[in-house]
Every structure is written in C-alpha cells, then in structure tokens.
Amino acid sequence: GDSVTQMEGPVTLSEEAFLTINCTYTATGYPSLFWYVQYPGEGLQLLLKATKADDKGSNKGFEATYRKETTSFHLEKGSVQVSDSAVYFCALSSGSARQLTFGSGTQLTVLP
Amino acid sequence: DAGVIQSPRHEVTEMGQEVTLRCKPISGHDYLFWYRQTMMRGLELLIYFNNNVPIDDSGMPEDRFSAKMPNASFSTLKIQPSEPRDSAVYFCASSSAGPGHNQPQHFGDGTRLSIL
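Here the protein sequences come in this chain order: A and B.
Position 107 (the first sequence) corresponds to 118 in this note's numbering; numbering is contiguous.
Position 79 (the second sequence) corresponds to 182 in this note's numbering; numbering is contiguous.
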C-alpha cells in the first residue's frame, strides 16, 4: 500500500538558517503530494502541493519539488523564522482515493 | 470564508460516559474526514464520507466508535462508552469533489478529548 516516510525530528535551527525536511514515498500510479503545517493548538493547514512529476510547489518561502525518479518531495526554505516553528507533515493521495496518507510529522523549532 | 468548524474544542469526561464530537464542513465540500491524533500513533484516518455516505470506516478502532452525517453541513463522531485510551485530539476535515485526487483537505482546529 501507499506510505510516506519523513525525516525524524525534532529539528532545531537558528533564525535565518536553511531548512530541509526529507520526505520519500511509495505509491501505486502517480500520486499528488502535499506538505501540511500544524501550529500549536491548531489543525493542519495546507502549505503547498504538487500534482505531477517535476512540479514545484511553493508558498510562504517554502518549496518542494516532485521527484518521480527518487520518489521524493523534500521541503526547503532558504531562511527560517521563529514563526515557522511548527510540525510539518508530508502526505500523498493516489488513484481515485480521496484519503491522504500522512508521514509521521517533523517538529521544527526555530530559535531567535 | 468560514473554515471547518468543530465543537467542542475541549472535552473532559469520565470513563464510561458517552462523548459526541461535532463537525461542520466547508459549504460545498462533498467529502468529510474524521482523524485521530496521538503522540504514539500520529495521525490516523478513522472514517470518511462522500455526499453524506460513509465510504471507508476501516480506521474506526472498535464498535464503541460510530460516525454519522445526516446532512451536507453536519457530522458527528460518537464514542460510547468512552475509555481513557480514547484520549486524543480528533480532527475533522473536508474537501471538494474536484478532478482527480489533488484536492487538498481543509482541517478544523480539532477537539482535545480527555477521558479520566
């Protein structure tokens, strides 16, 4: 079945540091890929998505490129801020299924 | 625009009591999902509906859990009787019926449930 493997956390960075959170997936067919972010006490919010190979999703300075050859969708940001502290989830949906398969989440803490 | 609305935000009750969680999806969305989030098990899909009909309830942990969607704007998740191991944050999410599988899900802020 489908699965998503995410970089283990927690990740702690200083403000303005470069961020990479690794995500790889296993799926049948051609999945859509998503990154969600969860701030403390809130639900998950869609951060960005990509629906086909080589697509790049971007939002709020975050980027991720759909790499079919490596089955990866790594999240990057060039300069993190304290306000980026949250839990980040990689997810996919494939075929006709509407449900998402989530990774385990990566806790990011950015220190001033 | 109003997002997904869940109530209550927090619920504390004693073991054995009935618990009812409520969700109002985004207007016009055809899919509704119930999730449970715990530190140990992460985010688990419990059940989802399409046009008010349950499609997949394989994630419902046991018969103590039930979910209904009587109309397009309301769903409930009920636990009866509740047990301490049901303590978790329960999320509701909805999505539209756009083409393919690339429609994102929109999450509510969750209900934090504590069973004593």
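These aren't lab readings, by the way, just hints derived from the structure by calculation.
Keep in mind that the hints are not guaranteed to be accurate.
Partial list, computed: chain A residues near chain B (C-beta under 7 Å) [claimed, not checked]:
(1) GLU53
(2) GLY54
(3) THR120
(4) LEU122
Even for Gly, the Cβ is constructed at its ideal location relative to N, Cα and C.
Hints, one by one, checked against the model:
| no. | hint | verdict |
| --- | --- | --- |
| 1 | GLU53 | 5 Å, holds |
| 2 | GLY54 | 3 Å, holds |
| 3 | THR120 | 16 Å, violated |
| 4 | LEU122 | 23 Å, violated |
Hint violations for this structure: numbers 3 and 4, all remaining hints satisfied.
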